[in-house]
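Please put together the full structure from these sequences, using the hints given.
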Amino acid sequence: MKKVFVVCATGIATSTMLRVKIEKFLAANQVEAQIYQYRVTELSPSRLDADAIVATTSIPDELHIVPVVNGLPLLTGVGEQEALQELLSVLKQSNKEG
Amino acid sequence: MEAFLETIGNFLNSVGPLLALPVIVAVLGIILGQKWDSAIRSGLLTAIAFVGIFLTVGLLGSTLSTIGSAFAERTGTGLDVIDIGWPAASALAFGTPVGNVIIPIGIVLNIILLLIGLTQTLDIDLWNFWHMAFVGAIVQFITGSFAMGLFAAAATLVIALFLADWSAPLIQKHFKIPGISIPHLQSAGYMMLALPFALIVDRISFLKNLRLDPDTIRKRLGLLGEPMVLGFIIGLILGLLAGQGVQDALLTAVNTGAVMLLVPRMVAILMEGLTPVSEAARNFMTSRFAGRKFFIGLDSAVLIGNPGVIAAGLLMVPVEILLALALAPLGNRTLPFIDLADGPFVAAMLAPLVFGDVLLTVILGAIVMGIGLIFTTLLAPAVTNMVTTSGVSVDIPSGYATYTVMSDAAIPTSYGLYYLFQTPQVVAIIVTLAFIVLLYFIKTRFPLGEKLIKPPEEGNGD
Chain G
1 MKKVFVVCAT GIATSTMLRV KIEKFLAANQ VEAQIYQYRV TELSPSRLDA DAIVATTSIP
61 DELHIVPVVN GLPLLTGVGE QEALQELLSV LKQSNKEG
Chain W
1 MEAFLETIGN FLNSVGPLLA LPVIVAVLGI ILGQKWDSAI RSGLLTAIAF VGIFLTVGLL
61 GSTLSTIGSA FAERTGTGLD VIDIGWPAAS ALAFGTPVGN VIIPIGIVLN IILLLIGLTQ
121 TLDIDLWNFW HMAFVGAIVQ FITGSFAMGL FAAAATLVIA LFLADWSAPL IQKHFKIPGI
181 SIPHLQSAGY MMLALPFALI VDRISFLKNL RLDPDTIRKR LGLLGEPMVL GFIIGLILGL
241 LAGQGVQDAL LTAVNTGAVM LLVPRMVAIL MEGLTPVSEA ARNFMTSRFA GRKFFIGLDS
301 AVLIGNPGVI AAGLLMVPVE ILLALALAPL GNRTLPFIDL ADGPFVAAML APLVFGDVLL
361 TVILGAIVMG IGLIFTTLLA PAVTNMVTTS GVSVDIPSGY ATYTVMSDAA IPTSYGLYYL
421 FQTPQVVAII VTLAFIVLLY FIKTRFPLGE KLIKPPEEGN GD
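Here the protein sequences come in this chain order: G and W.
For the first sequence, this note's numbering begins at 1 and goes up steadily by one.
For the second sequence, this note's numbering begins at 1 and goes up steadily by one.
Warning: the hint list may mix true and false statements.
Here are the simulated DSBU-like pairs of lysine-lysine, each with C-alpha atoms no more than 30 Å apart in a straight line [what the hints assert, rightly or not]: (1) G:Lys24 to W:Lys35; (2) G:Lys92 to G:Lys24; (3) W:Lys219 to G:Lys3; (4) G:Lys3 to W:Lys176; (5) W:Lys176 to W:Lys208; (6) W:Lys293 to W:Lys176; (7) W:Lys176 to W:Lys454; (8) W:Lys173 to W:Lys293; (9) W:Lys219 to W:Lys173.
No lab work stands behind these hints, which were simulated from the structure alone.
Shown next as structure tokens:
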């Protein structure tokens with residue numbers, strides 16, 4: 001089971017749009033993943049046990065210990081497939097147990 | 001025409017948000033090409049979100065109304081108007097008659113403006129049409145006319161689009177997001193008011209030299225970035241100041257923390273219901289403009305990860321509380337609460353006006369919110385009406401404890417149109433249109449980041 005954090009400024013609005021899309025995409029690609037929504041100000045490096053972060057906003061430097069995929073294309077539709085493929089390859093490369 | 005609109009408005013009002021909006025969402029989804037089963041699911045999620053929102057806003061009301069009034073009495077501050085916060089307000093605004101129809105009307109209006117070349121922004125952020133619905137709702141409250149509410153909502157959308165066009169060059173440079181503009185009033189509306197002040201504070205070199213470090217602030221105040229912790233702390237302080245014992249104050253604190261966490265969760269369900277519709281609408285709109293050059297209009301949330309914005313947003317928490325207390329003698333009765341968590345939205349588009357300087361951003365934020373707090377108090381009757389007529393099951397004891405929305409009632413378009421529409425309708429309409437024409441002139445002649453507020457040359461900036 002992979003863990004994906006979707007992050008935006010509120011943990012409500014744009015991150016929900018991301019979560020809905022990512023859930024659909026990962027299910028279609030047979031990737032089992034648990035998706036959590038956060039607001040960017042809630043994240044701290046010590047609690048960052050995700051395989052990937054997808055964010056609609058920029059992510060502070062100290063959180064880049066986990067691969068970060070730019071989620072803006074999922075909102076605008078421009079480059080959407082590329083972003084989803086990037087997430088897929090990040091998740092495939094991540095070999096965390098569990 | 002007007003009578004016809006009033007009939008629609010009355011009908012939507014009698015059906016109520018729990019039934020009207022879900023049906024509209026499902027039908028709109030199908031029209032825009034969503035599959036029928038997914039459209040029905042969207043509609044149902046919308047209805048369920050409203051059930052959750054009513055429950056949690058009820059909890060907020062019952063927790064805060066007693067404590068708020070006890071606090072106001074004991075401390076003599078008089079802060080007895082409760083801030084229900086934008087998450088609840090957004091849902092309630094979509095639930096009003098104007099809110100029920102704002103999405104289709106907004107899409108059509110935006111497309112027309114793009115086609116005739118008056119705007120360059122295609123606003124795919126349908127969620128934030130709720131700000132227009134909010135203005136529509138309070139104008140409908142003050143005029144009693146659904147048609148006037150719709151007109152005010154439409155005017156607000158045009159203003160939002162023009163503000164997006166106007167600020168686009170600056171925003172794109174400052175945040176390095178080419179092709180994007182921000183027709184989001186919860187940030188752009190504040191920017192409009194802050195601009196003249198920005199031109200002044202930017203000249204005060206003593207302030208500019210006091211550089212605050214965003215990273216230190218984020219480390220020191222990081223806990224305030226988590227709404228449930230913020231809610232707990234504020235609840236505890238309020239409880240103790242209101243004269244509760246430690247155990248009762250802790251219970252109040254847990255409840256206020258719960259409200260901070262739960263209300264937004266319910267709104268996320270509404271968002272989940274609207275996402276496929278919004279996606280269908282985006283595809284519908286972008287496919288009609290393929291090959292044309294336009295900015296994609298997004299939520300200012302996309303700006304907020306910027307460290308300077310987060311730092312200024314966190315500093316806004318104590319600043320807003322102090323402002324509320326300091327302005328009490330001048331007429332403020334708003335007790336800041338849920339919207340304290342959204343300081344970064346205040347900061348998001350003020351920061352580029354001062355090139356990211358944290359202290360100057362907070363100063364601008366304090367000016368805008370200081371003016372805003374007086375109006376959030378004055379707009380409380382309209383917001384309270386929106387809450388009580390929506391179906392939220394909370395008994396507001398008469399004589400005290402009314403509701404407001406600190407973020408949205410403090411936006412100049414909200415209070416500007418609210419007061420404008422207390423004049424004769426003809427005057428209100430003419431002044432609104434004149435303002436829109438003026439804004440069009442300003443945005444084409446003085447684009448921000450090019451003619452006004454020119455960022456420092458590459459290399460010697462931050």
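*Would the pair Lys219 (chain W) and Lys173 (chain W) pass a check requiring their Cα atoms to be no farther apart than 30 Å?*
holds, 27 Å
*Compare the distance between the alpha carbons of Lys293 (chain W) and Lys176 (chain W) with 30 Å, and conclude whether the hinted pair is satisfied.*
holds, 18 Å
*Is Lys173 (chain W) close enough to Lys293 (chain W), meaning Cα to Cα at most 30 Å?*
holds, 18 Å
*Quick one, are Lys3 (chain G) and Lys176 (chain W) close enough, alpha carbons at most 30 Å?*
Distance ~29 Å between Lys3 (chain G) and Lys176 (chain W) Cα, so the pair holds.
*For the pair we were handed, Lys176 (chain W) and Lys208 (chain W), check the Cα-Cα distance against 30 Å.*
Given pair Lys176 (chain W), Lys208 (chain W) holds - Cα atoms ~23 Å apart, limit 30 Å.
*asked:* What's the verdict on Lys219 (chain W) and Lys3 (chain G), does the C-alpha distance respect the 30 Å limit or exceed it?
replied: At roughly 26 Å apart (the allowed maximum being 30 Å), Lys3 (chain G) and Lys219 (chain W) satisfy the hint.
*Do the alpha carbons of Lys24 (chain G) and Lys35 (chain W) lie within 30 Å of each other, as the hint requires?*
holds, 15 Å
*Hinted pair Lys92 (chain G) and Lys24 (chain G), Cα distance within 30 Å*: holds, 17 Å
*Compare the distance between the alpha carbons of Lys176 (chain W) and Lys454 (chain W) with 30 Å, and conclude whether the hinted pair is satisfied.*
holds, 15 Å
When each numbered hint is compared with the structure, no violation occurs for any of them.
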